[in-house]
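2 protein chains.
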Amino acid sequence: MTANELRAAIERGEFDAPTAGYCPDNVQANLVALPREYADDFEQFCKQNPKPCPLLEKVGPNSSLTSALADGADLKRCIARYKIFVDGVPSQEVKGIGEFYQDDFVFFLLGCSFSFEDALIKAGIPLRHIEEKKNVSMYTTNIPLASAEPFKGEMVVSMRPIPAERVVDACIITAHYPGVHGAPVHVGYPELIGISDIGKPDFGDPVDILPGEIPVFWACGVTPQNALLQAKLPIAVTHAPGYMFVGDARNEDYYEILD
Amino acid sequence: MTANELRAAIERGEFDAPTAGYCPDNVQANLVALPREYADDFEQFCKQNPKPCPLLEKVGPNSSLTSALADGADLKRCIARYKIFVDGVPSQEVKGIGEFYQDDFVFFLLGCSFSFEDALIKAGIPLRHIEEKKNVSMYTTNIPLASAEPFKGEMVVSMRPIPAERVVDACIITAHYPGVHGAPVHVGYPELIGISDIGKPDFGDPVDILPGEIPVFWACGVTPQNALLQAKLPIAVTHAPGYMFVGDARNEDYYEILD
Numbered sequence: 001m002t003a004n005e006l007r008a009a010i011e012r013g014e015f016d017a018p019t020a021g022y023c024p025d026n027v028q029a030n031l032v033a034l035p036r037e038y039a040d041d042f043e044q045f046c047k048q049n050p051k052p053c054p055l056l057e058k059v060g061p062n063s064s065l066t067s068a069l070a071d072g073a074d075l076k077r078c079i080a081r082y083k084i085f086v087d088g089v090p091s092q093e094v095k096g097i098g099e100f101y102q103d104d105f106v107f108f109l110l111g112c113s114f115s116f117e118d119a120l121i122k123a124g125i126p127l128r129h130i131e132e133k134k135n136v137s138m139y140t141t142n143i144p145l146a147s148a149e150p151f152k153g154e155m156v157v158s159m160r161p162i163p164a165e166r167v168v169d170a171c172i173i174t175a176h177y178p179g180v181h182g183a184p185v186h187v188g189y190p191e192l193i194g195i196s197d198i199g200k201p202d203f204g205d206p207v208d209i210l211p212g213e214i215p216v217f218w219a220c221g222v223t224p225q226n227a228l229l230q231a232k233l234p235i236a237v238t239h240a241p242g243y244m245f246v247g248d249a250r251n252e253d254y255y256e257i258l259d
Numbered sequence: 001m002t003a004n005e006l007r008a009a010i011e012r013g014e015f016d017a018p019t020a021g022y023c024p025d026n027v028q029a030n031l032v033a034l035p036r037e038y039a040d041d042f043e044q045f046c047k048q049n050p051k052p053c054p055l056l057e058k059v060g061p062n063s064s065l066t067s068a069l070a071d072g073a074d075l076k077r078c079i080a081r082y083k084i085f086v087d088g089v090p091s092q093e094v095k096g097i098g099e100f101y102q103d104d105f106v107f108f109l110l111g112c113s114f115s116f117e118d119a120l121i122k123a124g125i126p127l128r129h130i131e132e133k134k135n136v137s138m139y140t141t142n143i144p145l146a147s148a149e150p151f152k153g154e155m156v157v158s159m160r161p162i163p164a165e166r167v168v169d170a171c172i173i174t175a176h177y178p179g180v181h182g183a184p185v186h187v188g189y190p191e192l193i194g195i196s197d198i199g200k201p202d203f204g205d206p207v208d209i210l211p212g213e214i215p216v217f218w219a220c221g222v223t224p225q226n227a228l229l230q231a232k233l234p235i236a237v238t239h240a241p242g243y244m245f246v247g248d249a250r251n252e253d254y255y256e257i258l259d
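Protein chains in written order, with my numbering: chain S, 1 to 259; chain F, 1 to 259.
These are computed hints drawn from the structure, not numbers from a lab.
Be careful, since some hints might not be right.
Each pair may be met inside one copy or between any two copies, as identical chains are not told apart.
Pairs of lysine-lysine residues, derived as DSSO-like cross-links and limited to a Cα-Cα distance of at most 27 Å, are as follows [said to hold, decoys possible]:
{"id": "1", "residue 1": "LYS47", "residue 2": "LYS122"}
{"id": "2", "residue 1": "LYS134", "residue 2": "LYS47"}
{"id": "3", "residue 1": "LYS51", "residue 2": "LYS122"}
{"id": "4", "residue 1": "LYS58", "residue 2": "LYS232"}
{"id": "5", "residue 1": "LYS58", "residue 2": "LYS95"}
{"id": "6", "residue 1": "LYS152", "residue 2": "LYS47"}
{"id": "7", "residue 1": "LYS76", "residue 2": "LYS58"}
So here's chain S without its partners, still in its complex pose (with noise of 0.2 Å):
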């Protein structure tokens, strides 16, 4: 299935999955929509953090079709699932913005860790929630934000069991990557970051740590959606976390040399 097909898929109610493991050699992205008043604070959080939310493109207002990652991908309806915020409260998660979408609203696309997935794979690093069709476990932790108001809070991550002797290797792979989050922000001992337990997500499904292996963490595009439920805009929508904005553009165009 190729990106393409894969939005229409979407756009036609077909697909309703978490887009891990889909269109390997896309790039994936974050969604993140709101009224136009916000969006230059939001776009200067989104530079003082580009860990979490790497700008990828900015679409609007006036209109919802990309142009960078994909040519005319309609951003109000080609995500499996949305999230509505009223008053900074995560109100309910639809199929398509339909009858939330306001003319002034901007859309950010932020860089995505399944973007460089693949990379891990071909490098003989296994995934778990891939191999066990699993949404990626998130968390929320307290690691903390440079505020840009009303934006500001602590870091969500994603968490990959890795196997020890491949942890070094997964770090250098994905720092290759900056655009879509880049090397990991931390490197086993979850409490370090605020994670009491493991096993209990924020965000996606859990998944095993077996014995060998050391969680691994990388700043998370969802970041925003707990920025957004301290700023309490009125209306707010983002992607539900893990069914990501599929692009046509590809995950080798954001591969950087480290010098």
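Add chain F to chain S, keeping to what the hints say.
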């Protein structure tokens, strides 16, 4: 003190300390000297185990003078402490190889992690053994080596406690120096590599691991000394752990772009 001055002080018997932190711009190296008949096998052992045994220069037989790492440094006397192995038994530490020298010795200089310590410090990552003027902590592990008979065994690692939020930076910074051990071989969880008591290093000094710090392990050029225990050569000479050869070559010459 320049590297040349340091080596001269050693030859005069006026310097007798671990070399970490000295001549921070200069490459440091591990020494293994053994009779010519074992040299090819040992060189093969190094090639098969490039993380712990990165070969920087080979000298001899019939000469003990360096050319690549320094111009004409005498490896018989320019290291502060030598360790003499007789029939595989480390029998004594000496200043100067002296009476143990044989014309047929081949000297191997192997990269040392002290060479990337200045890059870590310049990145704001503190190194406790340098702050406390101690020898770095080194441990025998259960990480197997590729055998090249009679050389075989398990890897020795050096350990540095790193603030949790800088661990990934430390991995990437040191990955740029593959000739001097490069990226860590393990992060955290000493028991996973067969270290039962982190407070009791097999070589060097213990250092405190403070709350919020994670022990990070790099391959160590003391590894051949473990292999010598099993190889049981009639005679072999190494540096004493932490008392390194300090060359005129500069660490920046060993920096590599990661692509």
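Here is how each hint holds up against the structure:
For the identical chains of this complex, LYS47 and LYS122 are inter-copy neighbours only, at 25 Å across copies versus 31 Å inside a copy, given an alpha-carbon limit of 27 Å. Within a single copy, LYS134 and LYS47 get their C-alpha atoms no closer than 31 Å, and across copies no closer than 42 Å, so neither meets the 27 Å cut-off. Within a single copy, LYS51 and LYS122 get their C-alpha atoms as close as 23 Å, and across copies as close as 22 Å, so both meet the 27 Å cut-off. In this assembly of identical chains, LYS58 and LYS232 lie within 27 Å of each other by CA distance solely inside one copy; the values are 21 Å within and 67 Å between copies.
In this assembly of identical chains, LYS58 and LYS95 lie within 27 Å of each other by CA distance solely inside one copy; the values are 21 Å within and 67 Å between copies. In the homo-oligomer, the alpha carbons of LYS152 and LYS47 lie at most 27 Å apart inside one protomer (13 Å), although the nearest pairing across protomers, at 51 Å, exceeds that limit. Proximity of LYS76 and LYS58 under a CA criterion of 27 Å is satisfied intra-copy only: 14 Å inside one chain copy versus 66 Å between copies.
Checked against the numbered hints given earlier, this structure breaks only hint 2.
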